[in-house]
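Protein chains in written order, with this note's numbering: chain U, 1 to 130; chain W, 1 to 140; chain D, 1 to 293.
It should be emphasised that the hints constitute simulated quantities derived from the structure, not laboratory data. Here the structure is a predicted model, which means the values were calculated and not measured. Where is the CB? At the ideal position from N, CA and C, for every residue including glycine. Any given hint could turn out to be false.
Partial list, derived from the structure: chain W residues whose beta carbon lies under 7 Å from chain U [to be verified]:
#1 Thr49
#2 Ser52
#3 Leu110
#4 Leu118
#5 Ile124
#6 Gln125
#7 Gly129
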Amino acid sequence: MERIPILRIGSLLLVTIQVDLYDDLALQLQDDLSTRIADLGATGVLIDISALEIVDSFIGRTLANIAAIARVLDAETVVVGMQPAVAITLVELGMSLPGIRTALNVDLGMEYLRQAATGGDGVGTDHYAE
Amino acid sequence: METVSEQIITRSEILPIRTQIDLVHVRQRVRTWLSEERFTLIDQTKIVTAASELARNALEHGGGGQMEMSLLAVGARKGIRLKFSDQGPGIADITMALKDGYTTAGGMGLGLGGSKRLMSEFDIQSSPGAGTVVTVTRWK
Amino acid sequence: MIKLLKMMRDNQDRILTDWLDGLKASARRRDLIGDVEVKEHARKILTLISNPPPNTVLEDFSSEGWQTVRDQLMEISISRVAHGSSPSETAQFLLSLKPVMFKLIREQLTTAPDELFREIDVTNNFVDAMALHIAESYIQSRDKVIARQQEEMLELSTPVVMLWDGIVALPVIGTLDSSRAQMVMESLLHAIVQTNSRFAIIDITGVPTVDTLVAQHLLKTITAARLMGAECILSGIRPQIAQTIVHLGITLNDVVTRSKLSDAFRLALERSGRAVVQKAGQAPVVAPVAGVS
Ligand SMILES: Nc1ncnc2c1ncn2[C@@H]1O[C@H](COP(=O)(O)OP(=O)(O)O)[C@@H](O)[C@H]1O
Ligand SMILES: [Mg+2]
């Protein structure tokens, strides 16, 4: 079966989604990531969705699940590169993904994960208020 | 001179919704049409997302069906209409099904309510045992 | 009308000269559109009218065969709008063809009064139909220009400014209706991507009132920005607007707010690991804070 490749950089895992995600492929990614986080003791997962043209409620939920599973396995997840049109649509759909950390691009996402691993305050954006 | 313009269908196509791969085709085909017809990127994204939600409902809750997509013209105004139909179990309480967060299948419960917000017009016909037809339209 | 068209073909040069002379005599502001262009327009129209495609219902200007003439009139109207001609000047351009044609018909049909009256009548109606068409086209073209200008003004009135590396601000000035709010917010989200900014300040000091829809647009934009990886700070909420927001039952719990744009800017600097420091005897400067970046 087709699989989305997972790259390892130190203690971080990097996923770039470039294909049109069908449901089983998204679920397969969720499985693969869970296994890899546990096996490698990864501290962070970065998912680059800049090439994704839409995020519907299924993909949104998969992203949220991955973040939640990673957290249980003691790893941080950051989703990077969501396009403005995708973000506007997702909000209109009713999904604001409150539990997910986000960053503008891969560089900022990596920076956040490295700092999170060393306990520093991050550069990612969380859903925090004052 | 005021004339009442008639709504005409300038293009139409029927796509099957039987497998997960069909869902991908539905999204891609709707996207192709919309970019050919020069809908804005934000409109394209909203419409494709709604199509994805409704096609998935036809597949997962309705046991499969089809989407008919039509390009509409009223005078100089253009629009796209997507009609999703299945012969599945139907929906007993439509008001309930439209509520955000309501799901009978462990989903997010945002498909129906969300696509209603993403499109200009939304119509749903369904009764238990008689299948479901959801028709949505968005004007340019 | 067949005979009339043959008459036009045989006398095309003369009709053109007389038509242009008549126009020059009546025009008040000839400088707006050049003589060369007017002549070109007149020549094209005459050529098209005298050579309709076969099967054209000649007397009916709305028939299919006259489509090329109608298209040409639309083109002329666009050029007239661009030159600033008035609608009546534009219609006058065609109406001036009437006396020229009447004179020609009178000369050619002196011996056949019945035919003479009929052709005059046909010409009269036909030129009127053309004048009406060009006037309508003129209005359509002008509406398009106005709509485009309005859109451009909207864009101009809401510039997204870059305050610092990684910090953009959107000072919104004037009343926000739903469509303007949507447009403003979309341009902010694009600016965030283009300038790679992690912080976006939406300053609404210049906004007199906010209704439910606009407040919702604001909230949606802030949420969308967060999904993209940027944080919004809302500044300049006037007391009346604060009251409205509370009254409307809209919660801004998840939104970071500051009363002034400068406070929002300071917060954004701090969050991005910088601080404003004042050195002895010098103006405050922005400096990176050690350890964070
Ligand atoms: N085509 C359909 N056939 C039968 N039931 C449907 C159909 N579409 C939606 N429903 C019902 O409406 C509920 C809400 O749908 P939706 O808003 O898309 O959320 P979700 O799909 O996540 O459950 C579904 O859980 C299902 O019970
Ligand atoms: Mg659904």
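These are the hints, each one checked on the structure:
| no. | hint | verdict |
| --- | --- | --- |
| 1 | Thr49 | 5 Å, holds |
| 2 | Ser52 | 4 Å, holds |
| 3 | Leu110 | 5 Å, holds |
| 4 | Leu118 | 6 Å, holds |
| 5 | Ile124 | 17 Å, violated |
| 6 | Gln125 | 22 Å, violated |
| 7 | Gly129 | 27 Å, violated |
Hint violations for this structure: numbers 5, 6, 7, all remaining hints satisfied.
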